[in-house]
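S.K.: Listed below are the residues making up each chain.
2 protein chains.
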Amino acid sequence: MTQATQQEIYLAKRPTGLPTMEDFNFVERPIPTLKDKEVLIRTLYVSVDPYMRGRMQDAKSYIPPFKLDEVIVGGVVGEVSKSNSDAFQPGDVVVGNLNWAEYTAAMEKDIRKIDPSIAPITTHLGILGMPGLTAYFGLLDIGKPQKGETVVVSGAAGAVGSIVGQIAKMKGAKVVGIAGSDEKVDYLKSELGFDEAVNYKNDSFQQDLENAASDGVDIYFDNVGGEVTDAVFRLLNKHARIPLCGAISSYNKEGQDVGPRLQSAMIKTSALMKGFTVGDYSADFGTAAADLGKWLAEGKLKYNETIVEGFENIPNAFLGLFEGTNLGKQLVKVADPEITKL
Amino acid sequence: MTQATQQEIYLAKRPTGLPTMEDFNFVERPIPTLKDKEVLIRTLYVSVDPYMRGRMQDAKSYIPPFKLDEVIVGGVVGEVSKSNSDAFQPGDVVVGNLNWAEYTAAMEKDIRKIDPSIAPITTHLGILGMPGLTAYFGLLDIGKPQKGETVVVSGAAGAVGSIVGQIAKMKGAKVVGIAGSDEKVDYLKSELGFDEAVNYKNDSFQQDLENAASDGVDIYFDNVGGEVTDAVFRLLNKHARIPLCGAISSYNKEGQDVGPRLQSAMIKTSALMKGFTVGDYSADFGTAAADLGKWLAEGKLKYNETIVEGFENIPNAFLGLFEGTNLGKQLVKVADPEITKL
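Protein chains in written order, with my numbering: chain A, 200 to 541; chain B, 200 to 541.
Hint data in this document are derived by calculation from the structure and do not stem from the laboratory.
Don't take each hint at face value.
The list makes no distinction among identical chains, and a pair is therefore deemed to hold if it is satisfied within one copy or across any two copies.
[Said to hold, decoys possible] List time: in silico DSS-like cross-link candidates among lysine-lysine, alpha-carbon distance up to 30 Å:
| # | residue 1 | residue 2 |
| --- | --- | --- |
| 1 | K259 | K212 |
| 2 | K212 | K467 |
| 3 | K259 | K467 |
| 4 | K467 | K400 |
| 5 | K467 | K308 |
| 6 | K467 | K370 |
| 7 | K400 | K343 |
| 8 | K493 | K346 |
| 9 | K370 | K499 |
| 10 | K343 | K437 |
| 11 | K467 | K266 |
| 12 | K400 | K437 |
Using the sequences and the accompanying hints, generate a full structural model.
M.R.: As structure tokens, then:
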């Protein structure tokens, strides 16, 4: 009997600058057979996230690099097809860091069951998943927004930024979003309730930002780095806080990313800047997920998803992140469930 | 009757790059007459400090700029010559932010009496004064050194850096100093008990630093910024803390000071960077001064002073800070007391 096969996506080479399709390799491989305690997951949705660019380089970081000629791993929501584990039954919907593959054999400890009756299963890759938790901890633990303060968020229409702004509004702050198109600017103001939003691609960006953040900047939640950040730094108030979440503007730069040194501005304002990754807060995921779920259920948090269909479109969806083609969370729908009724 | 006169030093123009003698003006002015509650202070020692460079520019900061054609103000220890205040008697020794002048008429609230029997009066401009408090709060409140961690301090042989390293040693950390001469490196290791010290002017600086901080850097107390800071950033450990105290390397730069962007390194390590000035901690000065005084009395803290003599040498002593001619606190002795016996 021939073993059934599936598609997997391997890292073919380490990208130079902006990744291209040549950096990825589609490989046909057997659908894995299960060892004891393992669970076979059928991939339903794949999450593509900017941080994954970092794992494509061979550099020391908070997370090891992807290996060449091995399958890429990221956020996945899937359906249990077969199970050698008492904890999971066929038809269960689960989330985990799984392969860019149609099927993954996962260990029990690497997946978590989700309840499709509470919220759409895709939210576990977005507002109730890693991006939501990232927004929550960065803003609340590092930013600590106070009523009446001004919170500026870059990458504001992305998966993390859009949640940051809404939580900041709930805390009574004035919220200014920075995004890369007029459509996104409109979305932030009309759909998400941001007080102001500005398009960093406009020539008048610095002045627009100054007008929008007319009382200066108390919190700058930074997803992008680069010149957008330079513009915000000119407006920092005394005791500003800067949660450093991402620097997407630099991820594809070859050589050193150079810009104005920030230290003098930080000394003048006694500003605090803190890098973080969501893993720093793993002990508190439960509380945060409960809060996010409650706010979502109460209608206090809205979200958007940009979903492309087809396993073959995963690399393209990933590349689109660097052009800002996504509004909210970028996902790829790979398959419908075979067992579960959603 | 002709009024007695004195010398005062005015800011003649705003320096371009490294200040020169032409930026200062020596002016002969009447010794001030006293209003009610005022005290006439005879200047004994003047403190010159790097932060004063910032006040010579016409730029928004935590402290207003010096005005052109007005007297420069800085840390001074002096003797009360005359007093219209019940709180001060002739012969009292006081410290305050007073004029670069042989005499200042000060308001009661702007001076503080010091006890010459406890420690040399100059220590109130150094280890028991602003530099000591700066070291104390930056290291302990922002850096939070733990036993066994590695603390790197730049400007290590200066007034602040030399105290930072010693307090870090008291807290059980491994201390690595960065300074600009082999003489300073020797001083840090043999006199102040630093575990390691490196000369940033050597070609092998990056490698020397890597060898010295062989377990990476947990705390980087930054007095200098620029390329020295870039070298330290390559060695940050996870959860590094960076108290930003000064950026002397940039104070005399014309145009924008440019360098590698730091954000990606901070995200990878979840590092915290915080600018501060000693004024942020004014509510806690009492506790800190008591601790510093106790440690000094117990012989746990050592200090060095570089003292030049003569009022006319104040600008030169200030300029020397940017060439690193000082070991420890740079002071100018202006006069001996007339009344007090020290």
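S.K.: Next step is simple, just say for each hint if it's right about the structure.
M.R.: Status of the hints after comparison with the structure:
| no. | hint | in the structure |
| --- | --- | --- |
| 1 | K259 with K212 | within (17 Å within a copy, 49 Å between copies) |
| 2 | K212 with K467 | between (44 Å within a copy, 22 Å between copies) |
| 3 | K259 with K467 | between (32 Å within a copy, 8 Å between copies) |
| 4 | K467 with K400 | both (29 Å within a copy, 28 Å between copies) |
| 5 | K467 with K308 | between (47 Å within a copy, 25 Å between copies) |
| 6 | K467 with K370 | both (27 Å within a copy, 28 Å between copies) |
| 7 | K400 with K343 | within (29 Å within a copy, 41 Å between copies) |
| 8 | K493 with K346 | within (21 Å within a copy, 42 Å between copies) |
| 9 | K370 with K499 | within (12 Å within a copy, 47 Å between copies) |
| 10 | K343 with K437 | both (14 Å within a copy, 22 Å between copies) |
| 11 | K467 with K266 | between (44 Å within a copy, 19 Å between copies) |
| 12 | K400 with K437 | within (28 Å within a copy, 34 Å between copies) |
When the structure is compared with the earlier hints, no violation turns up for any of them.
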